[in-house]
Amino acid sequence: MTIHRRSALKGLAATGVGTAIFGAPGVLRGEVDPIRVGFLTVKTGPLASGGIQMEEGLTLYLKERNSTLSGRPVQVYIADTGGVPAITKSKAQELVERAKVHCFIGPLAAFEALAIDDYIRDTQTPTMSVAAAEDMTQRKPNPWFVRATSSSSQCASPMADYAAKELKYAHMATIADDIAYGHEMCAGFQQVFEDAGGRIVQKLWPPLNTPDYGAYVAQLKPDLDAIFLGFAGSNGFKFLKQYREYARKTPLLGGMTAIDESLLQQMGEDALGILSSCWYSADLDSPTNRKFVANMERVYKVDPGFYAAATYTNGAVLEAAVKAVGGRIEDKNAFMAALRTIKVPDTVRGPVSFDRYGNVVGNVYIRKVVRKGGKFVNAVVRTYPDVSQFWTYDPKAFLKNPVYSRDYPPARYLEQ
Amino acid sequence: MRAIFSLLVIAVILIALPAMVGNEFYVNLASQVLIYALLAMSLNILVGLGGMVSLGHAAYLGVAAYTDAWLVTNAGVDTLSAAFLAIAVTTAMAALFGLLALRAAGLGFVMITLALAQILWGLGYRWADLTGGDNGIRLASRPVPFGIDLASPTHFYYFALVICSLAFVCLWRLAYSPFGASLRGARDQPRRMRMLGHHVWMVRWIAFIMAGFWGSIAGLLFIYYNQFIHPHSLSLQQSAEALLMVILGGANTFLGPIVGALIITLVKNVASSYVDRWNSLLGLIFVVVVLFMPQGIVPGLKFRWTQFTRRGRKVFVAAPAPPSP
Amino acid sequence: MQFWLIQTLNSVAFGGLLFLLSSGFSLIFGLMRIPNLAHGAVFMLGAYFGATFIELGINFWIAALLSGLGVGVLGLLLERLILRRLAGNEQGQVLVTLGISFIVADVCLMVWTGDPIPLPAPAALRAPIFVAGFAFPTYRLAVLAVALVIAAGLYLLIERTRLGAMIRAGVDDMEMARGVGIPISKLYMLVFLLGTALAGIGGTLGGPILNADPGLDSQMLPLALVVVILGGIGSLVGALVGSLIVGFLYNFGTALVPDLAYFVLFFPMVLVLVLMPQGLFGRVPQ
Chain A
4 MTIHRRSALK GLAATGVGTA IFGAPGVLRG EVDPIRVGFL TVKTGPLASG GIQMEEGLTL
64 YLKERNSTLS GRPVQVYIAD TGGVPAITKS KAQELVERAK VHCFIGPLAA FEALAIDDYI
124 RDTQTPTMSV AAAEDMTQRK PNPWFVRATS SSSQCASPMA DYAAKELKYA HMATIADDIA
184 YGHEMCAGFQ QVFEDAGGRI VQKLWPPLNT PDYGAYVAQL KPDLDAIFLG FAGSNGFKFL
244 KQYREYARKT PLLGGMTAID ESLLQQMGED ALGILSSCWY SADLDSPTNR KFVANMERVY
304 KVDPGFYAAA TYTNGAVLEA AVKAVGGRIE DKNAFMAALR TIKVPDTVRG PVSFDRYGNV
364 VGNVYIRKVV RKGGKFVNAV VRTYPDVSQF WTYDPKAFLK NPVYSRDYPP ARYLEQ
Chain Y
5 MRAIFSLLVI AVILIALPAM VGNEFYVNLA SQVLIYALLA MSLNILVGLG GMVSLGHAAY
65 LGVAAYTDAW LVTNAGVDTL SAAFLAIAVT TAMAALFGLL ALRAAGLGFV MITLALAQIL
125 WGLGYRWADL TGGDNGIRLA SRPVPFGIDL ASPTHFYYFA LVICSLAFVC LWRLAYSPFG
185 ASLRGARDQP RRMRMLGHHV WMVRWIAFIM AGFWGSIAGL LFIYYNQFIH PHSLSLQQSA
245 EALLMVILGG ANTFLGPIVG ALIITLVKNV ASSYVDRWNS LLGLIFVVVV LFMPQGIVPG
305 LKFRWTQFTR RGRKVFVAAP APPSP
Chain C
-16 MQFWLIQTLN SVAFGGLLFL LSSGFSLIFG LMRIPNLAHG AVFMLGAYFG ATFIELGINF
44 WIAALLSGLG VGVLGLLLER LILRRLAGNE QGQVLVTLGI SFIVADVCLM VWTGDPIPLP
104 APAALRAPIF VAGFAFPTYR LAVLAVALVI AAGLYLLIER TRLGAMIRAG VDDMEMARGV
164 GIPISKLYML VFLLGTALAG IGGTLGGPIL NADPGLDSQM LPLALVVVIL GGIGSLVGAL
224 VGSLIVGFLY NFGTALVPDL AYFVLFFPMV LVLVLMPQGL FGRVPQ
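Chains as they are written, first to last, in my numbering: chain A, 4 to 419; chain Y, 5 to 329; chain C, -16 to 269.
Only chain A is shown next, with the shape it has when bound in the complex (with noise of 0.2 Å):
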């Protein structure tokens, strides 16, 4: 375990002025008005390392690309949220009013989506997203957004899936995170996994931010088949350690982001042969994510994984959609129907494509940490290719039950 020499370097960049540009004018290369992408992440407070990391993603794929696409300049107004949803507002007025930005890439947390989410509507600004929150594409889905990670259960069907079919669990728990995101993504695994012929039996929600999971692993039932994990951000990690300590033996499958790479190496042994399921994974043999992921290790010093894995993609996305209207960013509505309607084949995750609500439509990889050439990865064990947001299930009949959440679909074998 290392405590990597980029948080020294970082820390010693940092220690001046941002790198948020404002009012400053243009670009130097000739009369050119660059494309400004006003990106919303977190840079301070608990949910910081996701939103460092989504800043290092994005950052490596412009400057792969000389900070241009299409021809055209690209600048990018860093905006750190806190992960406050009254800030987010006010950074998302800022960039839209101040520093006039064409698009925005974010926001991390589905609270700030939500926050604003009127405000996107109001001032028509493409946002292609990070954050899960699952109505946003089904029941009050906003014509400007696109989202091109995951929504919340969208990864976590597959896994019920592969759970109930491939590894003919039938009993089993979940434990996530006590926000919305934690509620969706278990209600889609249970959803999937019930309809298979399995039982989730005991539902566990540790608050967001809990110190201490001594007290949730001692309360997990002794005889489960396994436990499925909806945690977000380093919580995964942390209960995975405890759940260790305590030698507790029932296998562990991992949500999009409880086995994340970019912990994988602190996690080491503990991590062994647990499977999980997410749109990315570092191990992903192809030539464009070879080349991310070793740029990621020369730049930054560490692995790519769900969230810098995410604004690379997004900048592809934003890539493909400027090359399809020209360049010409400025025609809101020709931008954002290009947003909906590409298919970009050739993404760090896969093939990418975006449904009628805009959310994506691409692989999910079932993963295994395996030990490779000295290190820890996810190795793909399996791909589910083209998952929607509403898995197998018809559109009109998902949308047409209530959204995921901590009571829906109702747990109907918990046992004492």
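Please keep in mind that the hints were generated in silico from the structure rather than gathered at the bench.
For clarity, every value in this text was computed on a predicted model and none was experimentally measured.
Glycine included, each C-beta is placed from N, C-alpha and C at the ideal position.
Some hints here could point you the wrong way.
As the list claims (entries may be wrong) - Quick list of simulated restraints, FRET-style, between CB atoms:
1) Val16/Y / Val240/C: 55 to 65 Å
2) Asp153/Y / Ala297/A: 51 to 61 Å
3) Val56/C / Gly26/Y: 44 to 54 Å
As the list claims (entries may be wrong) - Where chain C lies over chain Y, by a calculated footprint (3+ residues, C-beta under 8 Å):
4) 96 to 110
5) 117 to 126
6) 244 to 254
7) 286 to 295
Assemble the complex: chain A is given as a structure, and chains Y and C must be docked to it using the hints.
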């Protein structure tokens, strides 16, 4: 005379602000400053006038905002009634909380206010059926009082300005009223006040309710402006920020909370765009201010100003009021 | 049966950790009436220091002592240079300690970045202990043992030494203590050093359980406050009992009444405050 003149100058600047700054972003920023200034002013009734430090003031902002948002969104109540009900509910809650909090003093008081706010915060997250959990509640649109559409930043700013000015006037009158005097007396010399026949507990309780009342107004402005309420607005972080605004600017002064709200809002929203380490900057401001202006910015500046304008002459400045038991 | 046993062990172990955190706070507030709202941040700083020292190959227990020393020195500087000027100015103390906590938290984020850093427990304590047929992390029991040892040490210090007598005098009646000639200024420095050093040691010792993590300060500070309120200010016994109570509330509360998980700690605190404002063992009238 000088006071009226400076007041007029300030009024002119505030009214002409939207025209002066041109960009809507700054008008929006000014609206935010007004909202937090009101919140800080309401807290100052407790902290400055009453000498009671509260770490749970966000509760009033949050509950008012949640009540209003819920009524409008889920119960289809009209704007005016929802606002009225929100204020009523929050003020009633303040009365109840005051009964509990005033059983203790000093650190105990701080902790009860903290605990009550934390309980509400927990409810905000857990009682998702009512509050939406961490998805919060969204207000579909800004209200339209008397046909004035508050969706426009400039309109909202003037609306907030009118409300905050009214609050300012009311609080000014309160501070210099006999009630205000007895509150300050209760802060400084509670035993003597009791001996003189004042009902110290009642005075403090009423102050608590008033603080909650004005906090609820700030909550309404908050939900109208942001159109979104989230448990974070009930959090310790929010309460601590309000307290910091009051202390930074100078408790027990009028302009203090306003100055504090201005500085903290600007650092959070503007400085954070230029400085990555804006949290350190904020912390540094607190430390520096407290070292050089231990009573807060406004009293500190006043002191420096009197020193400056009367240089050469020694000026006796009264010792700061000792903290009440 | 197993459930009750594990949760009980969890509770006392967590209580031990909380004691390390809150004993310092209680001492400082008891003697100096300063609500050190930077206490959570210095606990976190202790965890980060510990992580770095261990990374450099230093033995775990020595790393804990060094962290305590490092954090203690910072606390000393804080007291000497800043807090001393604010005697009696409670609001100023709140402002400055919160300001320091912002700075410390932000500097930690800058230096150690946002990812949690796990502190490895000492190798000898890594294998779990088997109690009544289930495994329990040995290290947690070790933390409890250490906390009890430190509690005993503090008890001896406070009750059996001249220094302790001076501290007790100061807590009970500051004016008289000054009048009798106790060197208050030196006493303050020492107590603040001791209080923050305890938090620093606690941070490192808690590291293997809690990890050095950016959110640690805001998670731990409210817990410290609850412990001190429940147990009573200025009382070591109170801090110990309060820590155990909070440990039990936290573990059993989240297990038995999960819907009340967020406020299972605060209800009892409000009850105590309303019924017994000075806390269970408090010596300081509030």
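To see whether the hints hold, each was checked on the structure:
At about 58 Å, the CB distance of Val16/Y to Val240/C agrees with the hint of 55 to 65 Å. Between Asp153/Y and Ala297/A the C-beta distance comes to about 54 Å, which sits within the given range of 51 to 61 Å. About 51 Å separates the C-beta atoms of Val56/C and Gly26/Y, a value consistent with the hinted range of 44 to 54 Å. Under the rule that three or more residues need a Cβ within less than 8 Å of chain C, the assignment of the segment 96 to 110 of chain Y holds, with 5 such residues.
Counting residues of the segment 117 to 126 of chain Y whose C-beta lies closer than 8 Å to any C-beta of chain C gives 7; at least three are required, and the coverage claim holds. Counting residues of the segment 244 to 254 of chain Y whose CB lies closer than 8 Å to any CB of chain C gives 5, which reaches the minimum of 3, so the coverage claim holds. Counting residues of the segment 286 to 295 of chain Y whose beta carbon lies closer than 8 Å to any beta carbon of chain C gives 9, which meets the minimum of three for the stated coverage.
In this structure, every one of the numbered hints holds.
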